[in-house]
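Asks: Read off the chains here:
There are 2 protein chains.
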Amino acid sequence: MLRVSHDELLNALLRVLLKLGFTEERGRRCAQLFAGTTCDGIYSHGLNRFPRFVRTIQNGLVDVHAQPKFVQSYGSLERWDGRSGPGNLNAWQSMERAIALARGNGIGCVALANTNHWMRGGTYGWQAADAGVIGICWTNTLPNLPPWGASDPRIGNNPLVIAVPRSAGHVVLDTAMSQFSYGALASSRAKGELLPVDGGFDTRGRLTRDPGEIEKSSRPLPIGYWKGSGLALMLDLLGGILSGGQVTYQIPADPERESRLSQVFLALDPSSMSGKEKTEEIANQVIAHFQSSGHGKGERVRYPGERVLKTRAENMRLGIPVDPSVWEQVQEM
Amino acid sequence: MLRVSHDELLNALLRVLLKLGFTEERGRRCAQLFAGTTCDGIYSHGLNRFPRFVRTIQNGLVDVHAQPKFVQSYGSLERWDGRSGPGNLNAWQSMERAIALARGNGIGCVALANTNHWMRGGTYGWQAADAGVIGICWTNTLPNLPPWGASDPRIGNNPLVIAVPRSAGHVVLDTAMSQFSYGALASSRAKGELLPVDGGFDTRGRLTRDPGEIEKSSRPLPIGYWKGSGLALMLDLLGGILSGGQVTYQIPADPERESRLSQVFLALDPSSMSGKEKTEEIANQVIAHFQSSGHGKGERVRYPGERVLKTRAENMRLGIPVDPSVWEQVQEM
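Those sequence lines, one after another, are chains A and B. Everything in the first sequence is counted per the numbering used here, starting at 2 for the first residue and increasing by one. Everything in the second sequence is counted per the numbering used here, starting at 2 for the first residue and increasing by one.
It cannot be assumed that every hint is accurate.
Which copy is meant is left open, so a pair is good if it fits within one copy or across any two.
Claimed, not checked - Here are the simulated lysine-lysine pairs, DSSO-like style, with alpha carbons at most 27 Å apart:
hint, residue 1, residue 2
1, LYS279, LYS70
2, LYS277, LYS70
3, LYS217, LYS192
4, LYS311, LYS277
FYI, nobody ran anything at the bench for these hints, they're computed from the structure.
Next up, chain A with everything else stripped away, as it sits in the complex (with noise of 0.2 Å):
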């Protein structure tokens, strides 16, 4: 297995950035980005995702240049026009100002429209649980689940995250609202192997586990059938509602072609109410009530976020595992 450490994949990334026209400062910050995501173990939203990020500004569909701009208030609930700047550069920014806007009021809610991918959606959760407070985020996203009962995808599997700060280790779930990403399907259909549950439909109409009918059918499964099909209209409602931006049907089915978002951010300040050591002490009781839970030959039962902090410590220690391909496209952009 080929490992880069932490610094050297930044460094890689940063070169082509700036190549691209990235200022230093943005740059630097999209890059650390990347990386990360990539440190933390999801490899799919860090290093493998960059050659179609460049494809994206390459394309035209990502402007380097773009920041957002504030668009109007009420309250502390705001509304952003993300101009179609870097996705994962427009999140940051757009939870910077949500938990800003906590820190002053309790709780802060910021409105994103016409942005472009935030690349892994758990990056922002950790943004918040790191400055110490609770964060809550989701996307809309291109068309691409049916929702329960169709059988062409209308909704977005808009990913939802949820974050809770602690000393011990931030809680921190990353969701997306189909069972199985699109990635995920073509992950295990590679290595021949069949999902661990129900993914989606075969081209007959029938649940199956095999991940290659799945994507002939294009039918993934919602997670819970008919209540993630929910969840997922309803998030896209209240992104497009709240932003003002574009909702799932009018952003294009092409991942190629996925542009202009919607996206919203709220953060909770629960310091401004009990104090930090009281939220502390409930987080790590649930916790390890929760870690405790009986079981069988299993696996032991994982909170949402313990296993980034593993992976995290262990790639900062033996280096980043990377795609030899991928590293050398990187390289040689």
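We have chain A already, so just place chain B on it with the hints.
Replies: Frame of chain A; chain B shown alone:
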């Protein structure tokens, strides 16, 4: 089928509540909430739940006179103490307060500790939408769901409600974090039916559609397996941290003793951003697109809340179907 009019049901419930010591005003609101839920077709949390609600008053779990007490606030984030009052009245008042905060500040959040079962969660979503605002609320519950990978129930099924106002019919999602409630399992078992999809594990740890087997193992499935398990954990954490109240593991596991729950009520006023017309337009377009999804021979795709409106209209016209034995029981109270 026995049907009674909405007013007949409301008055029958009100009579019992007055006998239990409710004031006229609070008794009427409480009876309205139960009658409305029944009229909306959510029989399990309407009339059929009423005898158990009465028992919780008789056994001292619910104090009919207790009203939520303001504890502290920071900006538009407030903490209230439910003081073991009736869960539906407490929740109603909390959402009213969140709506008022949103009117002045774009967004408002009320975290409520020490409350009781709110009956149908969707009620407070409809309440927010009727007021023209977006409503988001959730509650924790007794431990009734094993975390993914575990066999003992340590998380709650923590219902989550999201509501978007719309003149043509609000969009209201009301979804627990378990794929099927224990009520739904019992109902399927009584009819000798299998569940439409896997609903949990049998006592040998195999996924099953047999509701009786899941009741035996006490291992219902979270929606989306590991995903709903994580989501349920986060909702509990947020409820406990924001309200300063109990988290699931501290709540008695006996449904008859379930008490001192923590709930969160969020309201966002979209009209403060782009006006009612624009909000309506977005919602109408998204729903129209969702409903027209392609499908095979199955039912038409329904949006969250659609069936409630249909049932409500039908029950207002024909009378509300009641279980004869429960109806008799209430009349004898």
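Asks: Would you mind marking each hint as holding or not holding in the structure?
Replies: Okay, the hints, checked on the actual structure:
1. LYS279 x LYS70: between (37 Å within a copy, 21 Å between copies)
2. LYS277 x LYS70: So LYS277 and LYS70 pass the 27 Å test across copies only (23 Å; inside, 33 Å).
3. LYS217 x LYS192: So LYS217 and LYS192 pass the 27 Å test inside one copy only (17 Å; across, 37 Å).
4. LYS311 x LYS277: Classified as within: same-chain Cα gap 24 Å, cross-chain 47 Å, threshold 27 Å.
Against the hints set out earlier in the document, no violation occurs for any number.
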